[in-house]
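Using our numbering, read the sequence shown as starting at 47 and increasing by one per residue.
Treat the hints with care, since some could be wrong.
[Stated by the list, open to error] Have a look at the derived ranges for each label pair, beta carbon to beta carbon:
| # | residue 1 | residue 2 | range |
| --- | --- | --- | --- |
| 1 | 107 | 74 | 29 to 35 angstroms |
| 2 | 75 | 105 | 33 to 39 angstroms |
| 3 | 106 | 75 | 19 to 25 angstroms |
| 4 | 107 | 75 | 30 to 36 angstroms |
| 5 | 103 | 75 | 28 to 34 angstroms |
Note that these hints are calculated values from the structure, not bench results. Fair warning: this is a prediction, and the values are worked out from it, not measured in the lab. Even glycine gets a Cβ: it sits at the ideal position worked out from N, Cα and C.
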Amino acid sequence: MRVHTLEAGSPRGWAISVLHEAGAIRECEEHGWMQDRADPHARERALEIACADPLVGLSDREAVAVIGEVLDGVGDVCPECPQPE
Numbered sequence: 047m048r049v050h051t052l053e054a055g056s057p058r059g060w061a062i063s064v065l066h067e068a069g070a071i072r073e074c075e076e077h078g079w080m081q082d083r084a085d086p087h088a089r090e091r092a093l094e095i096a097c098a099d100p101l102v103g104l105s106d107r108e109a110v111a112v113i114g115e116v117l118d119g120v121g122d123v124c125p126e127c128p129q130p131e
């Protein structure tokens with residue numbers, strides 16, 4: 047079990063790490079993060095990770111809320127990359 051502390055990073059950074067580990071988001075090499083819809087169970091897996099390994103200083107409820115806020119703020123596609131027509 048990893049121990050995440052507030053000193054080690056921000057709640058947003060922790061949530062991005064958890065979401066990426068769960069396969070719920072992927073990185074656009076040029077612009078940032080976007081949701082990865084390939085695995086329909088990735089969001090639930092991220093929430094399980096958040097509850098099992100929350101950032102020190104956050105309750106389980108707060109950890110789940112941060113995961114939800116970050117995921118809701120990440121689009122399905124990179125807003126900066128050209129989209130196929």
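Results of checking the hints against the structure:
1. 107 <-> 74: 29 to 35 angstroms: Given range 29 to 35 angstroms: holds, Cβ gap about 31 angstroms.
2. 75 <-> 105: 33 to 39 angstroms: 35 angstroms, holds
3. 106 <-> 75: 19 to 25 angstroms: Roughly 33 angstroms apart at Cβ, these two residues miss the hinted range, so it is violated.
4. 107 <-> 75: 30 to 36 angstroms: Since residue 107 and residue 75 have Cβ atoms about 34 angstroms apart, the given range 30 to 36 angstroms holds.
5. 103 <-> 75: 28 to 34 angstroms: 32 angstroms, holds
The structure fails to meet hint 3 from the earlier list, while all remaining hints are met.
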